[in-house]
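A.B. asks: Residue numbers (our numbering), protein chains in the order written: chain A, 7 to 253; chain B, 110 to 413.
Which chain A residues face chain B? A few, computed with CB under 7 angstroms, are given here:
hint: 1; residue: Phe-46
hint: 2; residue: Ser-72
hint: 3; residue: Ala-75
hint: 4; residue: Met-76
hint: 5; residue: Gln-77
hint: 6; residue: Pro-84
hint: 7; residue: Ile-85
hint: 8; residue: Lys-91
hint: 9; residue: Ala-147
hint: 10; residue: Ala-219
hint: 11; residue: Gly-230
hint: 12; residue: Thr-234
hint: 13; residue: Leu-237
hint: 14; residue: Ala-238
hint: 15; residue: Gly-245
hint: 16; residue: Met-248
Below, in silico cross-link-like pairs of lysine-lysine (BS3-like), each with a Cα-Cα straight-line distance of 30 angstroms or less:
hint: 17; chain 1: B; residue 1: Lys-376; chain 2: B; residue 2: Lys-317
hint: 18; chain 1: B; residue 1: Lys-394; chain 2: A; residue 2: Lys-79
hint: 19; chain 1: A; residue 1: Lys-204; chain 2: A; residue 2: Lys-168
hint: 20; chain 1: B; residue 1: Lys-394; chain 2: A; residue 2: Lys-91
It is worth saying that the hints were derived from the structure and are not from the lab.
Just so you know, these numbers come straight off a predicted model, no measurement behind them.
Glycine included, each C-beta is placed from N, C-alpha and C at the ideal position.
So the chains spell out like this:
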Amino acid sequence: MIYLRLMLMLLTMGSAMLAEASTPLVVATSTDKVNVTSHFVGENLLVYGAITGPGQVIVILRSPDSTEAMQQKTRTGPIWLNGAKVTVTRAPGIWQRLSSAPVRHILPDDTLQKLGLTLSSLVDKARFAPEPDHLDTWQKAFLDEKIRHRNYVVEPAGVTLKQGLFSAKIRLPASLPLGYYQLLTYLVRQQQVLAVRKQQINVRQVGFQAWIARFARENSWVYGIVLTFILAGLGFALGILMRRRSA
Amino acid sequence: MELFLPIAHMDVNIWLIVSFGLAVGFLSGLTGVGGGILITPLLIFIGVPPLVAVGTGAAQIVGGSAIGSYAHWRMGNVDMRMAFVLLAGSWTGGLIGVHIARILEAGGHFSLVVTFLYVILLSVIGTSMLIESLLALRGRHGHASQKNRTKNQSILQRLPGQMDFPVSGLRLSFLTPVLLGFGVGLLTALMGVGGGFVMVPIMLYVLKMPTKVVVGTSLFQLLFTTAEVGILQAGMNHAVDPYLALALVLGSIFGTQFGARAGAYMKGEQLRLVLALVVVGVAIKMGLGLFITPEHIFSMARVV
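Work out the full structure, taking the sequences as your base and the hints as a guide.
C.D. replies: Written out as structure tokens, the structure is:
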């Protein structure tokens, strides 16, 4: 399936590539929009393209920053209680790095840090408020939780590279922060970034689901009153119906 | 059918929620004991944030009690004066309770407080139901001692603000029902329950209202208390999930009807025993959660 798509893509892209043979990196995605409906249970995003000459490919998907509430459980006597609460901002909600080889093998550490291609660079930029006593413990826990929920994903063999063609399948989880996601594709050769392509993926809520979620948040009082009347009406109508049937 | 819950922020199979409503409705239709105390723990068990479980739990009772309240009102089983005095207390209690919930949630303590409250409440209710049904199965009936009741009555009669309640044929201080309502309102806001299990015994044994009026009046005030708390939880705390609430109402209405019909063919005492065991079981499961070392010391939830 993937290769069929690749062939199609190559056919359509072929002319453009011939016209601009000097382009070392061409990237396309299966879609530039992700529609989150009430039935949304995640989606696969396909990134594919071609490179000219030898090299390795790194694909980064980064969502807008999200705010996370972290809490630590502490033991008091025999009982586990909720301890300190810290709010983490300035870190992407979703971050995925797929590459055709482990990134440390293909780029020097300082370049990785500078380009923000590592998990540690993400957590270094994140802000923890109020700043906890053992910041490093919280930073590590933050990454662990993000990885556990598959919000942060690192796949050192996630990009398949074959005869100048590459493809990567990014699995988007069901619960996504909304907004414009940045998709960055790097072509790396001899420990250097040779080319970068930038794309945007628009993750948006659509349909009734989006309307309800927005309405409940922005007009929470009206929402509460209307929903309560609907619930009472539903209960009343069903009750009458059941009574009629049993009578 | 997998559905993403917009307020609870999670995926859930909506038929599972409908079946929760069915099961709990069935139990309450069968035994006549309100099943609201089981809905919120079940929601928490499947991972709904506790505040949303509590808010949605209260809101879904509105749907579950609408038809019953109407029926009792039509039959003249509601002591309106009593209901409004109770509501004065319960609406105040609900308002304060929702504020307390908000403060606890901001400090990150709400889930712990809810767990504690449920462990205490479910243990007490479960144990007393267990004892009651075991005694009933043996053919004995527990009666509160007459002496104790007369003593309570004399204290109540000395309170200021005596008021006539003609429908119930009582004269007592308005402070008693206001306080009772206040407590029930707090419970509704903090635990997402209707509070019938507290209100009905107190109306029967402390206020000495006639049985017929007790059921109608408590159901009537419960409808309006849960409606108030549901609106406040949605408006103030964003804690009422529409799909969860609708699915629960749908399930519990049908469940209650099936339960009521099935109840005609089964023995009440044995059914109460089953319900008591379920309640104790849920209390133990919640209680153990406090002592078992959590799998993950740190937890994280996306705020925006």
